[in-house]
Amino acid sequence: MSGKPLIELIDVWKYRHLESGTVPTLQQISASVENGSLITLVGPSGAGKSTLLWLLNRLEDPDRGEIRLRGRSIKEIDVLGLRREVGLVLQQPVMLPGTVKDNILYGPRLKGAGEREVDAAQLLSDVGLSPSLLDRDAGKLSGGQRQRVALARTLANRPRVLLLDEVTSSLDPQSTARIENLIIRLNREKNITVLWVTHNLKQALRVGREAWILVDGKLVEAGTLPGVFLHPQNALAGAYISGKLEGVEEH
Amino acid sequence: MSTTALLMTYSFVVLAMMLSTWQRLGLERDLVVGTLRATVQLLAVGYVLQLVFNLKDWPFMVLMIGVMTVVAAYNASRRGRELPAIFIKVLVAIGAAEIMALGLTLGLGIVEPTPQFVIPLSGMFIGNAMVASSLLLNSLRREIISHRAEIIVALSLGATARQAVSESLRRAVRASSIPIVDGLKTVGLVQLPGMMTGLIIGGASPIDAVRYQLLIMFALAAVMAFTSIILSFLVYPALFTPAHQLIER
Ligand SMILES: Nc1ncnc2c1ncn2[C@@H]1O[C@H](COP(=O)(O)OP(=O)(O)O)[C@@H](O)[C@H]1O
Ligand SMILES: [Mg+2]
Chain E
1 MSGKPLIELI DVWKYRHLES GTVPTLQQIS ASVENGSLIT LVGPSGAGKS
51 TLLWLLNRLE DPDRGEIRLR GRSIKEIDVL GLRREVGLVL QQPVMLPGTV
101 KDNILYGPRL KGAGEREVDA AQLLSDVGLS PSLLDRDAGK LSGGQRQRVA
151 LARTLANRPR VLLLDEVTSS LDPQSTARIE NLIIRLNREK NITVLWVTHN
201 LKQALRVGRE AWILVDGKLV EAGTLPGVFL HPQNALAGAY ISGKLEGVEE
251 H
Chain H
1 MSTTALLMTY SFVVLAMMLS TWQRLGLERD LVVGTLRATV QLLAVGYVLQ
51 LVFNLKDWPF MVLMIGVMTV VAAYNASRRG RELPAIFIKV LVAIGAAEIM
101 ALGLTLGLGI VEPTPQFVIP LSGMFIGNAM VASSLLLNSL RREIISHRAE
151 IIVALSLGAT ARQAVSESLR RAVRASSIPI VDGLKTVGLV QLPGMMTGLI
201 IGGASPIDAV RYQLLIMFAL AAVMAFTSII LSFLVYPALF TPAHQLIER
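One line per chain: the protein sequences are E and H, in this order.
1 is the number of the first residue of the first sequence in the numbering used here; add one for each residue after it.
1 is the number of the first residue of the second sequence in the numbering used here; add one for each residue after it.
These are calculated hints, taken from the structure and not from any lab test.
Do not rely on the hints blindly, as some may be mistaken.
As the list claims (entries may be wrong) - Straight-line alpha carbon distances no greater than 25 Å define the calculated SDA-like cross-link-like pairs of lysine to any residue that follow:
id : chain 1 : residue 1 : chain 2 : residue 2
1  : E       : Lys-140   : E       : Val-94
2  : E       : Lys-75    : H       : Thr-3
3  : E       : Lys-218   : E       : Gly-243
4  : E       : Lys-111   : H       : Arg-78
5  : E       : Lys-75    : H       : Ile-247
6  : E       : Lys-190   : E       : Ser-45
7  : E       : Lys-111   : H       : Ala-243
8  : E       : Lys-111   : H       : Pro-242
9  : E       : Lys-190   : E       : Gln-174
10 : E       : Lys-75    : H       : Leu-215
11 : E       : Lys-140   : H       : Glu-167
12 : E       : Lys-111   : H       : Leu-239
As the list claims (entries may be wrong) - Only part of the chain H face toward chain E is listed, based on derived beta-carbon distances under 10 Å:
id : residue
13 : Gln-23
14 : Gly-26
15 : Asp-30
16 : Leu-31
17 : Ile-152
18 : Ala-154
19 : Pro-237
20 : Ala-238
21 : Pro-242
22 : Gln-245
Cβ atoms here follow ideal geometry from the backbone N, Cα and C, with glycine treated the same way.
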């Protein structure tokens with residue numbers, strides 16, 4: 001696979017239709033993701049980070065432009081297989097009806113696989129939860145527990161690319177560290193490519209080798225960490241970074 | 001019933017209008033319109049039925065059932081105007097339910113294939129299929145809106161559109177079947193069904209009336225379940241793109 005990027009975004013545009021009119025939420029996004037990389041996506045809220053992940057999982061399609069996986073337009077790939085291979089953990093950790101185990105095995109069961117093929121207890125402890133939760137009603141979990149079950153649920157599909165949307169936003173520092181280590185390990189040991197949306201720049205610095213900065217639907221900066229945070233070339237990126245770092249220091 | 005007696009029934013309407021005026025409910029206009037429409041529609045139906053019964057002709061019967069089905073489908077499909085080709089889908093669901101119910105009642109020899117039985121029974125089957133369709137379209141819309149996030153999660157994990165909405169479809173069908181199930185549980189205890197009341201007043205023995213009522217109730221339960229299940233399967237694909245993406249509305 002040398003030379004060819006795993007994922008390519010070619011002049012991608014996405015519009016939203018609001019009562020006030022049609023507004024672009026992603027504009028002219030061109031970028032590529034090398035196989036095995038771990039990229040963090042940062043930017044102000046409303047910048048279009050979640051929308052970008054939705055497009056990569058094909059929950060929606062771009063209005064203009066093209067997304068390629070291994071050189072093929074993702075529109076030409078079987079969408080059900082694509083969504084398993086390019087797994088998404090949504091920003092809202094919504095639970096499906098049933099138990100924690102039902103949630104974790106949801107993806108495998110769609111393929112006729114079950115407890116024999118997928119170790120739900122192991123996945124649960126990987127994300128820092130006790131396997132005793134397996135038979136608990138998923139609707140009764142706390143926000144932090146849901147967030148981790150949602151991650152385990154996506155991992156159960158054994159994705160090759162992992163799209164994470166602020167997956168530690170309701171977790172305490174200890175649980176956050178555990179998730180960060182898990183993802184870094186999956187990236188290093190299983191060569192899973194990771195795109196990680198976070199609003200926490202310190203987290204981006206801890207986990208990422210590269211960062212993309214999204215502002216107002218535009219990819220204003222992309223480069224290696226920490227350089228891209230320390231010396232952003234783009235004024236919008238610079239303003240975002242310095243504002244964010246000030247905010248961090250205030251707390 | 002004599003014409004004089006029929007005219008006297010309008011005193012109920014007058015009473016209702018007096019109450020409405022007294023309590024400033026503002027229902028007078030609706031009462032007048034409703035009363036006029038009920039009178040004209042039912043009298044017209046009565047004369048048409050008399051005509052069809054006298055003709056004892058299959059083509060007329062089929063034509064009448066066809067008209068009833070189209071009117072019912074038109075009415076119910078207004079509940080889902082935003083959905084593509086909804087009229088045709090409701091028409092198919094109601095038509096299928098009517099064919100199923102009438103086929104069973106006639107095929108099993110439960111009633112005779114004469115207009116006297118076929119037309120009123122069809123009226124009830126189609127009317128209830130229409131109610132079931134409206135209820136289903138409403139409850140399906142509610143389900144999709146309130147469980148949107150779950151549907152998206154299921155899709156993101158590789159579910160097909162059908163797998164992702166199956167829970168919502170089930171809940172919508174269940175919700176739209178509640179009225180008839182509740183009806184089955186309380187029938188005879190809370191109120192005598194209209195048809196039974198009519199038969200008894202018309203001179204049938206209460207036992208005969210009960211037998212027909214049971215037939216009707218069971219057939220209607222089947223009709224409602226059948227209509228909402230068929231309609232749910234006809235409607236859900238329009239909520240998704242061919243790439244299993246939930247369409248925003
Ligand atoms: N379902 C939606 N309907 C309408 N507007 C939306 C929807 N989802 C997102 N948006 C808008 O699109 C823009 C980008 O949103 P999003 O991708 O969620 O940003 P981020 O994840 O960076 O906070 C925002 O302006 C948001 O209000
Ligand atoms: Mg977001």
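Here's how the hints hold up against the structure:
Note on Lys-140(E) and Val-94(E): the hinted pairing holds, with a Cα-Cα distance of about 12 Å set against a maximum of 25 Å. Of the pairs offered as hints, the one joining Lys-75(E) and Thr-3(H) is violated, with about 72 Å between alpha carbons and a cut-off of 25 Å exceeded. Taking the CA atoms of Lys-218(E) and Gly-243(E), the gap is about 18 Å. The hint holds against a cut of 25 Å. For the hint pairing Lys-111(E) with Arg-78(H), the CA-to-CA distance comes to about 39 Å; that exceeds 25 Å, so the pair is violated.
Distance hint between Lys-75(E) and Ile-247(H) is fulfilled; the C-alpha atoms sit about 17 Å from each other, no more than 25 Å. For the given pair, Lys-190(E) sits about 31 Å from Ser-45(E) by alpha-carbon distance, which is inconsistent with the 25 Å threshold. Distance hint between Lys-111(E) and Ala-243(H) is fulfilled; the C-alpha atoms sit about 18 Å from each other, no more than 25 Å. Between the alpha carbons of Lys-111(E) and Pro-242(H) the distance comes to roughly 20 Å, so the proposed pair stays at or under 25 Å and holds.
In summary, the hint linking Lys-190(E) to Gln-174(E) is supported, as the alpha carbons are separated by about 24 Å, within the 25 Å threshold. The hinted pair formed by Lys-75(E) and Leu-215(H) fails the criterion: a straight-line CA distance of about 53 Å is larger than 25 Å. Taking the CA atoms of Lys-140(E) and Glu-167(H), the gap is near 19 Å; set against the 25 Å cutoff, the hint holds. Taking the CA atoms of Lys-111(E) and Leu-239(H), the gap is near 23 Å; set against the 25 Å cutoff, the hint holds.
The criterion of a C-beta within 10 Å of any C-beta in chain E is not met by Gln-23(H), whose closest approach is roughly 40 Å, and the hint is violated. Of the supplied interface hints, the one on Gly-26(H) is violated, with its beta-carbon coming no nearer than about 33 Å to a beta-carbon of chain E, more than 10 Å. Below 10 Å, beta-carbon pairs count as interface contacts, and Asp-30(H) has none with chain E, the closest being about 33 Å; its hint is therefore violated. At a threshold of 10 Å, the smallest CB-CB gap from Leu-31(H) to chain E is about 39 Å, leaving the interface hint violated.
Checking Ile-152(H) against chain E: minimum C-beta separation of about 6 Å stays under 10 Å; hint holds. About 6 Å separates the beta-carbon of Ala-154(H) from the nearest beta-carbon of chain E, less than 10 Å, and the hint is met. The beta carbon of Pro-237(H) is not positioned within 10 Å of any beta carbon in chain E (closest approach about 15 Å), and the interface hint is therefore violated. The closest approach between the C-beta of Ala-238(H) and any C-beta of chain E is roughly 17 Å, which is over the 10 Å cut-off, so the hint fails.
Nearest Cβ of chain E to the Cβ of Pro-242(H): about 9 Å, under the 10 Å cut. The hint holds. Here the hint on Gln-245(H) is kept, as its CB sits about 6 Å from the closest CB of chain E, short of 10 Å.
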